[in-house]
Amino acid sequence: MPSNVIRSVVTPEGIITAHANRLVVFTPNHGATRQIVLPAAATSMLALVGPQQRANRLLVGDRCGALHVLMLPQMDLLSTHQLGDVPVTALESQSGSDSLRLVAGLQDGRVLAVGDDIPGGMLPLFRVDGPVSLIRCVDGQLHLNCGWERHIRHWNGDHVSSSGPHRQLSLTEATPASG
Numbered sequence: 016m017p018s019n020v021i022r023s024v025v026t027p028e029g030i031i032t033a034h035a036n037r038l039v040v041f042t043p044n045h046g047a048t049r050q051i052v053l054p055a056a057a058t059s060m061l062a063l064v065g066p067q068q069r070a071n072r073l074l075v076g077d078r079c080g081a082l083h084v085l086m087l088p089q090m091d092l093l094s095t096h097q098l099g100d101v102p103v104t105a106l107e108s109q110s111g112s113d114s115l116r117l118v119a120g121l122q123d124g125r126v127l128a129v130g131d132d133i134p135g136g137m138l139p140l141f142r143v144d145g146p147v148s149l150i151r152c153v154d155g156q157l158h159l160n161c162g163w164e165r166h167i168r169h170w171n172g173d174h175v176s177s178s179g180p181h182r183q184l185s186l187t188e189a190t191p192a193s194g
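For the sequence shown, position 128 (counting from the first letter as 1) is numbered 143 according to our numbering, and the numbering increases by one without interruption.
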């Protein structure tokens, strides 16, 4: 019996849920449900669209620092990359001419590239202050959110720009009308 859902991804083909008990379940719109038990609970997930415009891969980062690549809809484990010993908190993919490069952000602020075209399969890119909560590849740059702070970096880690949280308005106590 699946435990509480802690992450989910919705695709046109169905719903993928990650559960607190390490179970990852693909429930297709049509057909049989498939599942796999991972070594640790999921902390991030990203479905990748293949050449036929269908989700054909699932990236799952876990709380022990591993990145698992699963084949959809079969839920077969294709590969596992140990990125560190802290949770994988953000995932992104970047398609090249003939390869796929994955970018992972970790809870300790490290950002790494993962791919078959990288010697050793993994390359540390840079580190930011705080957990990486979101990564996007835009126009050859990496846009990262760390809580409310946003960083834009080149792939080599060079700083492009940063922005902190927007200034918040403070509320003042209203004085009762006399009367």
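The hints are simulated quantities; they were obtained by calculation from the structure and are not laboratory data.
Heads up, some of the hints might be wrong.
Per label pair, the in silico range of CB-to-CB distance [to be verified]:
(1) H169 - S110: 31 to 41 Å
(2) S23 - R69: 15 to 25 Å
(3) A35 - L92: 13 to 23 Å
(4) H45 - Q156: 33 to 43 Å
(5) G179 - T48: 21 to 31 Å
(6) P139 - R69: 10 to 20 Å
(7) Q67 - C152: 33 to 43 Å
(8) G145 - T95: 37 to 47 Å
(9) H45 - S23: 16 to 26 Å
We treat Cβ as the ideally placed atom computed from N, Cα and C, and that holds for glycine.
Here is what the structure says about each hint:
no.	hint	result
1	H169 - S110: 31 to 41 Å	violated, 18 Å
2	S23 - R69: 15 to 25 Å	holds, 18 Å
3	A35 - L92: 13 to 23 Å	holds, 20 Å
4	H45 - Q156: 33 to 43 Å	holds, 40 Å
5	G179 - T48: 21 to 31 Å	violated, 44 Å
6	P139 - R69: 10 to 20 Å	violated, 32 Å
7	Q67 - C152: 33 to 43 Å	violated, 22 Å
8	G145 - T95: 37 to 47 Å	violated, 26 Å
9	H45 - S23: 16 to 26 Å	holds, 19 Å
Figure legend: structure checked against the earlier numbered hints; hints not met, in rising order: 1, 5, 6, 7 and 8.
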